[in-house]
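Please take these sequences and the hints and turn them into a complete structure.
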Amino acid sequence: MKTDEEIILLVKTGDLEAFSILVERYRERIIRYAKKFLIGYDDAEDLVQEVFIKAYINIKGFDDSRKFSSWLYRIAHNEFINAIKKRKNEPVPFFDPDSIFPHPIAKERADAEIVRKETKKIIEKTLDKLKPKYREPLILYYFEDMTYKQIADVMRIPISTVGIRIKRAKEKAKLEFEKLNK
Amino acid sequence: MSTEYTEELIEKIKKEGIKMKPKFRFVLKMLLMVLGILITILFAVYLVSLISFISKGSGLGLLPPFGLRGFGLILIGLPWLLIGLSGASILILQILVKKFSFSYREPVLYSLIGIIIFVLFGGMAFGKVGLHERLLDRVEREEIPILREVYRSYGPPIGAGFNAGTLLEIGEKDLLVETINGDEIRVQITDDTHLPFGGDFEVGQEIVVVGKAENGLIKAFGIRGVSEAERPFGPKRRFR
Numbered sequence: 001m002k003t004d005e006e007i008i009l010l011v012k013t014g015d016l017e018a019f020s021i022l023v024e025r026y027r028e029r030i031i032r033y034a035k036k037f038l039i040g041y042d043d044a045e046d047l048v049q050e051v052f053i054k055a056y057i058n059i060k061g062f063d064d065s066r067k068f069s070s071w072l073y074r075i076a077h078n079e080f081i082n083a084i085k086k087r088k089n090e091p092v093p094f095f096d097p098d099s100i101f102p103h104p105i106a107k108e109r110a111d112a113e114i115v116r117k118e119t120k121k122i123i124e125k126t127l128d129k130l131k132p133k134y135r136e137p138l139i140l141y142y143f144e145d146m147t148y149k150q151i152a153d154v155m156r157i158p159i160s161t162v163g164i165r166i167k168r169a170k171e172k173a174k175l176e177f178e179k180l181n182k
Numbered sequence: 001m002s003t004e005y006t007e008e009l010i011e012k013i014k015k016e017g018i019k020m021k022p023k024f025r026f027v028l029k030m031l032l033m034v035l036g037i038l039i040t041i042l043f044a045v046y047l048v049s050l051i052s053f054i055s056k057g058s059g060l061g062l063l064p065p066f067g068l069r070g071f072g073l074i075l076i077g078l079p080w081l082l083i084g085l086s087g088a089s090i091l092i093l094q095i096l097v098k099k100f101s102f103s104y105r106e107p108v109l110y111s112l113i114g115i116i117i118f119v120l121f122g123g124m125a126f127g128k129v130g131l132h133e134r135l136l137d138r139v140e141r142e143e144i145p146i147l148r149e150v151y152r153s154y155g156p157p158i159g160a161g162f163n164a165g166t167l168l169e170i171g172e173k174d175l176l177v178e179t180i181n182g183d184e185i186r187v188q189i190t191d192d193t194h195l196p197f198g199g200d201f202e203v204g205q206e207i208v209v210v211g212k213a214e215n216g217l218i219k220a221f222g223i224r225g226v227s228e229a230e231r232p233f234g235p236k237r238r239f240r
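Chains A and B, in that order, are what the protein sequence lines are. Residue numbers are given in full-length UniProt numbering: position 95 of the first sequence equals residue 95, and the series is strictly consecutive. Residue numbers are given in full-length UniProt numbering: position 125 of the second sequence equals residue 125, and the series is strictly consecutive.
In short, the hints are calculated from the structure, not lab data. The structure presented is a predicted model; accordingly, all values stated were derived computationally and were not measured. Even glycine gets a Cβ: it sits at the ideal position worked out from N, Cα and C. Heads up, a few of these hints could be off.
In silico BS3-like pairs for lysine-lysine, Cα to Cα no more than 30 Å straight-line [stated by the list, open to error]:
#, chain 1, residue 1, chain 2, residue 2
1, B, K12, A, K54
2, B, K14, A, K60
3, A, K54, B, K56
4, A, K2, B, K23
5, A, K60, B, K12
6, A, K2, B, K21
7, B, K98, A, K149
8, B, K98, A, K170
9, B, K23, A, K149
10, A, K54, B, K29
11, B, K14, A, K12
12, A, K67, B, K98
13, A, K85, B, K173
14, B, K99, A, K88
15, A, K85, B, K29
16, B, K15, A, K86
17, A, K60, B, K56
18, A, K54, B, K212
19, A, K85, A, K131
20, A, K86, B, K29
21, B, K21, A, K85
22, B, K98, A, K60
Incomplete in silico selection of chain A near chain B, CB under 10 Å [stated by the list, open to error]:
#, residue
23, I7
24, L9
25, V11
26, K12
27, G14
28, I21
29, R27
30, R29
31, E45
32, I57
33, D98
34, K149
35, A152
36, P158
37, I159
Counterexamples of contact, computed for chain B against chain A with all Cβ distances above 10 Å [what the hints assert, rightly or not]:
#, residue
38, K14
39, P22
40, I74
So, in structure tokens, the structure goes:
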């Protein structure tokens with residue numbers, strides 16, 4: 001099986017069939033990301049189509065030394081954030097003070113499988129109660145299995161900010177979960 | 001095996017004639033970005049060295065021994081427009097470097113501190129080249145009119161209480177000074193007058209007097225001498 005990067009070389013020569021392999025590989029993941037992030041959006045799948053079209057248009061700008069998945073998720077992130085901004089239903093701050101200062105407490109650590117499953121369950125039930133800036137890193141970490149560094153590359157925020165947002169988001173999710181179960 | 005979704009997408013690309021952007025556009029964008037960063041760095045470094053040159057040339061470096069009053073005069077005399085411009089160029093640099101992973105992966109504070117240190121050291125190194133002295137010479141010979149405002153708009157905060165000149169006469173409780181504007185002014189020394197380096201002055205010596213001039217008389221808050229090495233714009237120049 002060819003790697004993403006080998007396929008991209010073919011796509012860059014104009015091979016649309018090769019591009020369809022990439023779409024097949026990432027379609028479900030990007031749709032899952034869209035559906036979890038864009039809660040209540042009927043056009044989430046159309047936006048995903050737009051993500052792949054933008055990836056195709058810009059593929060010659062892809063740096064072969066980097067991971068294709070991070071690049072594709074970055075395009076998806078931009079598309080989804082723009083969609084949220086257009087709807088104006090949820091706040092998307094232009095600048096986040098969390099990204100100014102380092103957060104030494106926010107180190108990445110592997111949870112035990114059982115804890116991770118439990119956390120995922122809580123997050124799944126409370127995602128719609130969280131602001132986009134908290135919802136997105138949770139989705140990328142728990143459902144897309146990304147590392148803090150990969151999430152930082154997708155959202156273009158400091159790695160320590162990813163950590164602090166995930167920490168706060170989990171606390172908020174737990175509070176919301178407790179409210180739901182009262 | 002492609003699914004219906006993928007086939008539909010590929011069909012859309014074919015039908016709508018969607019094309020990949022050519023590689024040179026991405027290369028050009030990156031080149032413009034790097035060029036923008038380089039130009040902004042050069043501009044910020046030039047501004048910082050100019051601020052230092054103007055501050056030194058205005059004699060602001062002679063004021064700290066006069067305490068709070070001296071610092072007040074420094075605040076009045078600093079070229080705030082240039083400081084604002086250099087701050088703006090540092091912010092622009094911060095925004096530009098944020099596009100690169102080495103910058104956005106770290107807190108904004110780190111890259112901002114890095115940029116400020118780089119620009120300050122760059123400005124200090126740039127100041128050593130002597131470019132401002134050469135440019136000022138050329139401005140004075142009216143060779144570069146476009147830079148006239150940059151180099152001639154700034155000077156010591158005379159109206160706020162900064163006075164400098166050459167000592168003409170030494171009296172018991174006063175001094176006669178020829179100011180940098182060519183006026184003669186009498187300086188009254190009282191018991192409260194600060195003399196941070198003592199009161200042994202000589203006729204012909206250059207001095208700085210802090211205090212407001214009224215009707216040709218200054219009740220001196222403080223007086224100090226200016227050595228050859230401390231003279232603004234180097235030993236060959238006077239205050240301007």
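Right, here's what the structure says about each hint:
1. K12(B) with K54(A): holds (13 Å)
2. K14(B) with K60(A): Between K14(B) and K60(A) the Cα gap is close to 18 Å, so the pair holds against 30 Å.
3. K54(A) with K56(B): Measuring from Cα to Cα gives roughly 54 Å; hence the hint is violated.
4. K2(A) with K23(B): The given pair, whose Cα atoms are some 23 Å apart, holds under the 30 Å limit.
5. K60(A) with K12(B): Holds. K60(A) to K12(B) sits at ~20 Å (cutoff 30 Å).
6. K2(A) with K21(B): holds (24 Å)
7. K98(B) with K149(A): holds (15 Å)
8. K98(B) with K170(A): Given that 30 Å is the threshold and the Cα spacing comes to 28 Å, the pair holds.
9. K23(B) with K149(A): Measuring from Cα to Cα gives roughly 27 Å; hence the hint holds.
10. K54(A) with K29(B): holds (17 Å)
11. K14(B) with K12(A): Roughly 15 Å separates the two Cα atoms, so the pair holds.
12. K67(A) with K98(B): holds (19 Å)
13. K85(A) with K173(B): violated (73 Å)
14. K99(B) with K88(A): holds (26 Å)
15. K85(A) with K29(B): This hinted pair holds, its Cα atoms lying about 26 Å apart.
16. K15(B) with K86(A): Satisfied, since the Cα-Cα distance of roughly 28 Å is no more than 30 Å.
17. K60(A) with K56(B): violated (52 Å)
18. K54(A) with K212(B): violated (68 Å)
19. K85(A) with K131(A): holds (13 Å)
20. K86(A) with K29(B): Within the cut-off at roughly 27 Å; holds.
21. K21(B) with K85(A): With a Cα-Cα distance of about 26 Å, the restraint between K21(B) and K85(A) holds, given a limit of 30 Å.
22. K98(B) with K60(A): Distance of about 22 Å is within 30 Å: holds.
23. I7: Given a least distance of 13 Å, the restraint on I7(A) is violated.
24. L9: Status violated, d = 13 Å.
25. V11: Cβ of V11(A) sits 8 Å from chain B, so the hint holds.
26. K12: holds (7 Å)
27. G14: Hint holds; G14(A) Cβ to chain B Cβ min 8 Å, cut 10 Å.
28. I21: It holds, given that the least Cβ distance between I21(A) and chain B is near 8 Å, below 10 Å.
29. R27: holds (6 Å)
30. R29: Not OK, violated: R29(A) not within 10 Å of chain B, min 13 Å.
31. E45: holds (8 Å)
32. I57: holds (6 Å)
33. D98: holds (9 Å)
34. K149: holds (7 Å)
35. A152: holds (5 Å)
36. P158: holds (5 Å)
37. I159: Interface hint status for I159(A): holds (5 Å vs cutoff 10 Å).
38. K14: violated (7 Å)
39. P22: violated (7 Å)
40. I74: holds (29 Å)
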